[in-house]
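If you're matching them up, the sequences are chains A and B in order. full-length UniProt numbering puts the first residue of the first sequence at 1, with every later residue one more than the last. full-length UniProt numbering puts the first residue of the second sequence at 1, with every later residue one more than the last.
Be a bit skeptical, because a hint or two may be false.
Interface residues of chain A toward chain B, partial, derived using beta-carbon atoms under 8 Å [to be verified]:
1) Leu26
2) Gln27
3) Tyr49
4) Leu63
5) Tyr64
6) Ala68
7) Asn115
8) Gly122
9) Tyr134
10) Arg140
11) Asn143
Treat the hints as calculated values from the structure; they're not laboratory data. For glycine and all other residues, C-beta sits at the position ideal for the given N, C-alpha and C.
Number of protein chains: 2
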Amino acid sequence: MEYKVEKLRVNYKTLEEFKRFKEYGLQELSMVEDLEANIIDNDSESPFYGIYFGDTLVARMSLYRVEAKFNRYFEPPHDFLELWKLEVLPDYQNKGYGKALVNFAKEMGLPIKTNARMKSRGFWDKMGFTSVHYEMARDRGENPLFWFPEGFPIEKD
Amino acid sequence: MEYKVEKLRVNYKTLEEFKRFKEYGLQELSMVEDLEANIIDNDSESPFYGIYFGDTLVARMSLYRVEAKFNRYFEPPHDFLELWKLEVLPDYQNKGYGKALVNFAKEMGLPIKTNARMKSRGFWDKMGFTSVHYEMARDRGENPLFWFPEGFPIEKD
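The whole structure should be built from the sequences, with the hints applied where relevant.
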C-alpha cells in the first residue's frame, strides 16, 4: 500500500495532533510558543513530515539537513539528514507507515542519521541502517545509526 | 537514607549488570568490545557511577565533562557535565536512588545538562533543572535541561 507523505504545517490543528505522540517535547512546545508570539505564521512549514489517515495524523517524523562542516561522523564530510521523532500512533503500527516515512527521507538522496532506541533496532536493521563506532565525546547518550545511498563515496567510521 | 555512590569499573561483572538496564545501547556494547579486544583493561574506570544494594547494581548514570569550548548552551562558555542514562531498576524505584546520583553529580560544582524524557520532567523539576529555549540546529531530538550551581555567573539562554 502506498501512503502519501506530507510536509506538515505549523498551525494549531497540527500542534494539537502532535500531543497524541509520545515523543512530544521541547521542540513542539517551542513551536506552540512561536506561533502564539507570532514569531512564525500560522501555516508555516515545519521540519515534520507525516501521514494522515482520513483527517487524523497517524505517523510523523522530523528531518533536518546537517551541513557537511558539522559532520563529525564520516569522511569525506558531506551533508546528511538527521531523522528523529519517527513515531506511529499505536492503533496504526505494523502497517508500513514508519517504513513509508523512512523511504520518503531516503529519496532525498542523502545519508541519514538517526538515534535509535535499542528495542527499535530490528526496524532500523530492516531499513538498512548500521551503527557507527560509539565515541563518548561525540555520542554521549546516543546510539547513532546511519543509512547511506547506494554508491555513496565514504569511508565509514 | 544515605546511599554510597561509586565510580563503576569496566569489567565483565559490571557489563553483565548493565544488561539489566533498559537504556543498554551502543555505549555499553563498545565497552564490551574494547574489553574483549584488550583496548581497555579489566577494571578500567568507566564514565558510569552507580549504587549497589548488596551485590546488585540497582542504579546508574553516565557523566561526561564537556569543555567550555564545546558549550553551545550558555554565555560565558564554561565547562559543564552531561548526565545521561540515569536509571534505577524497577524494584528499587521511588527510594531516592536517582536523587542520590544526581546530588552526587551536583557536588562536582559544575552546571549539569541532561536530555529529559517528557514523562520524567517532574523528577527533573524537583531536582532544580530548567529547560533552555529549543533550537533545532543544536537540539534536534533533544529536550535539553540544565541545572546551575548557586551563584553561577551565566546569562541563561
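Hints, one by one, checked against the model:
1. Leu26: holds (4 Å)
2. Gln27: holds (5 Å)
3. Tyr49: For tyrosine 49 (chain A), the interface hint is violated, since the closest Cβ of chain B sits about 14 Å away, which is over 8 Å.
4. Leu63: violated (10 Å)
5. Tyr64: holds (6 Å)
6. Ala68: With a closest approach of 14 Å, the alanine 68 (chain A) hint is violated.
7. Asn115: holds (6 Å)
8. Gly122: Given a least distance of 14 Å, the restraint on glycine 122 (chain A) is violated.
9. Tyr134: Since the shortest Cβ distance to chain B is 4 Å, the answer is holds.
10. Arg140: holds (5 Å)
11. Asn143: holds (4 Å)
Of the numbered hints given earlier, the model fails hints 3, 4, 6 and 8; all others are met.
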